[in-house]
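**Student:** The listed protein sequences derive, respectively, from chains A and B. Under the working numbering, the first residue of the first sequence is numbered -12, with each subsequent residue one higher. Under the working numbering, the first residue of the second sequence is numbered -12, with each subsequent residue one higher.
Worth flagging that the hints you see were computed from the coordinates, not collected in a lab. Here the structure is a predicted model, which is why all the values come from computation and not from measurement. Any given hint could be a false lead.
[Stated by the list, open to error] The calculated lysine-lysine pairs, modelled on DSS-like cross-linking and capped at a C-alpha distance of 25 Å, are:
no., chain 1, residue 1, chain 2, residue 2
1, B, 231, A, 345
2, A, 350, B, 94
3, B, 6, A, 94
4, B, 115, B, 49
5, A, 6, B, 6
6, A, 8, B, 94
7, A, 231, B, 345
8, A, 15, B, 15
9, A, 8, B, 15
10, B, 15, A, 17
11, A, 8, B, 6
12, B, 8, B, 115
13, B, 8, A, 8
14, B, 17, A, 8
15, B, 347, A, 94
16, B, 8, A, 15
17, A, 115, B, 94
18, A, 17, B, 17
19, A, 231, A, 168
20, B, 350, A, 94
21, A, 94, B, 345
22, A, 17, B, 8
23, B, 6, A, 15
24, A, 345, B, 94
25, A, 347, B, 94
26, B, 15, A, 6
27, A, 17, A, 94
28, B, 17, A, 15
29, B, 8, A, 6
30, A, 94, B, 115
31, A, 6, B, 17
[Unchecked claim] Stretches of chain B that chain A covers, calculated by requiring three or more beta carbons in the stretch to come under 8 Å of a beta carbon on chain A:
no., region
32, 29 to 37
33, 349 to 359
A virtual CB, placed ideally from N, CA and C, is assigned to each residue, including glycine.
2 protein chains.
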Amino acid sequence: MAQQINAPRGMRDFLPVEKAKREELIQKAKAAYLARGFQEIETPILEDLNRLQSGQGGDNEKLVFKVQKRGEEFTEALAQGAELADLGLRFDLTVPLTRYFASNQGKLPRVLKAIQTGPVFRAERPQKGRYRQFIQCDIDIIGEDSMLAEFELISASLAALEAMGVSGATIRVNHRELLLKSIADLGVSPADALSAMISIDKLDKIGIDGVCEELGEKFGAEVAKQAASWLSSLSALDTPEQLKSLFETFGKKLRYDPTLVRGMGYYTGTIFEIEHPHSSSSIGGGGRYDGMVGKWLGVNVPAVGISLGIERIVDLVPDTRPQTPALVLLVSEEQSYAMALQAQQGLLANWRVRIDRKPKNVKALLTELSEQGFSHFAFLGESGEVDIKPIS
Amino acid sequence: MAQQINAPRGMRDFLPVEKAKREELIQKAKAAYLARGFQEIETPILEDLNRLQSGQGGDNEKLVFKVQKRGEEFTEALAQGAELADLGLRFDLTVPLTRYFASNQGKLPRVLKAIQTGPVFRAERPQKGRYRQFIQCDIDIIGEDSMLAEFELISASLAALEAMGVSGATIRVNHRELLLKSIADLGVSPADALSAMISIDKLDKIGIDGVCEELGEKFGAEVAKQAASWLSSLSALDTPEQLKSLFETFGKKLRYDPTLVRGMGYYTGTIFEIEHPHSSSSIGGGGRYDGMVGKWLGVNVPAVGISLGIERIVDLVPDTRPQTPALVLLVSEEQSYAMALQAQQGLLANWRVRIDRKPKNVKALLTELSEQGFSHFAFLGESGEVDIKPIS
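I would like the entire structure built from these sequences, with the hints used as guidance.
**Tutor:** Spelled out as structure tokens, the structure:
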């Protein structure tokens, strides 16, 4: 019997036309990064579970898909009521990257400029636009403590977006230290800073009044009053000294946002969020996380990265036709298969060539394949000749 | 404290130079397939566990990494002693492909010529050359019952290998029906055919005597005697009618091997194994599996595929330099970062350009980066000028 059959909940199959667009965008972003001296690396899809849940991943650590131990180890763990899983699917590319740098430091350039693209997994409740498996496309610079890293990441990310056909993106910038100082100035203790950030992060959604109310509930009326004063005066704030050289270089591509939070606890310096007028949510983001590699290595190593949200960028960019035009070559009988392959070979310099057996209803086939991006067709002649015509 | 830290057991990190080579090979294979009208598709890394363990995956079903249920579902399953996992990591790309075709048939071309590359996972005991995560690169044709599918797969696979720089590959070919007939002729009952195949599959390792001994132990002396006679007379066998047109077209690229088994139970027609004189094990393989899609769909759909073993091909091919030469641009101070980005932009037409801060020991940096494929360097002049020199 036939079964109702689908991809797992919250995960997606990609049809050929969708996949071609995704690949094209990713290859264009990669090319922009490679041209600027970044190098591609790869880590496994799985990491040891205790590494994924070591307190560096924030709320994402609760969303790990856990992989069961196997064989006797599983049986024993079950009998003992111990942890049944030993591996997990990565929820981002940053935690694995810091682990990778610590594992391979001796074989890597002293300053690693890394490109990573690949799937990450989060056991979220599936909803519109949120998937349990999705692609991240990250660049990170590890080992560079100067602002050169920020200059390069901003420049390369903007170039990658342009290469993908996304113009008009702007990057909101803040500095975690400045944010923490602002929060301290409100009268919030350092231990409560993360909780205050979570409230401030809602500014877009609930406005100044909402944020102040929430801060008041958490930390009392005086903090709420200070916050109201701070949040109302933001537009008058000057670009801070730490970010000045970035703003001088990138001009209106950047916007200083003193309330930009970025959810992760691991950021230590500049933080970024990339926005685009046609996208309601950010299309990328990142920041400096100088403490993370040290967690594994025992010695701090400066690090900063920007991640592009390919899933959202795909929706921003119109579909394109492939550069090499594609034709359908129709053959009649087995005796001509070898000849069809020869004809195909001869056409490859100018065409992508798909071979199909000539069906009874040629028009239906060509209509179907025209939706797949095939623009031309030809019947294979008796001596191997082809007469190429557009699919009308 | 620093921790000893590595990728999970049996899984690999790829260094930049290794990753570049792997990507280059995969892109070349894909380009050869795309040129021949194949279309890339993608399925999730995870599939529902009951689908992965539905009896189509042979021994690989025992090697599934199982993903635990989450939240209340997990707690309930644990309390009830029920199955604790609901998802699994795919062990190949074929089972997911047949599921994909069944799920999406209405949106796909009637004949799907699919390219898939991606990681698969098997919880094998890690050993030299065998990994728990590895890449497969498959092409499959679904919906074509004529030998056109075999013609195209062989032609495209050989072209992909050539494009990757692997020449001299040959493909051993057999037909599952012929193999089953040979096994029946030995006096083995149809129910025991798979067990007999497992013995015959060891021919390379244990020779004719070993195979006959094993068949004798399983099915008695008469079967062993018949097998000895069959296996000794193989070289005299003619190419069978079913495969004749393939041999006429591809000549010495193909070799008829009446004992070729291919492990999976799902094959129904032609079977392939790609070998290369410099590789001790096969570098690819596949076959026709006309029954698998029907398992999900309730209606049989013809299907045939060939998978390339990228992991082995990587070892066969010498390392290459990237086409665009790469240079290191050295800058001195923060005031020059913007100028360095401008200089980089101007050089991109001809160079990959990495920017680094000029260290005290320039020679050490250049030596290090030369190992990463950077062949030239330049200091950024005071007015932004660059004087490019080879790294000697």
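**Student:** Identify every previously stated hint that the structure contradicts and give their numbers, smallest first.
**Tutor:** none
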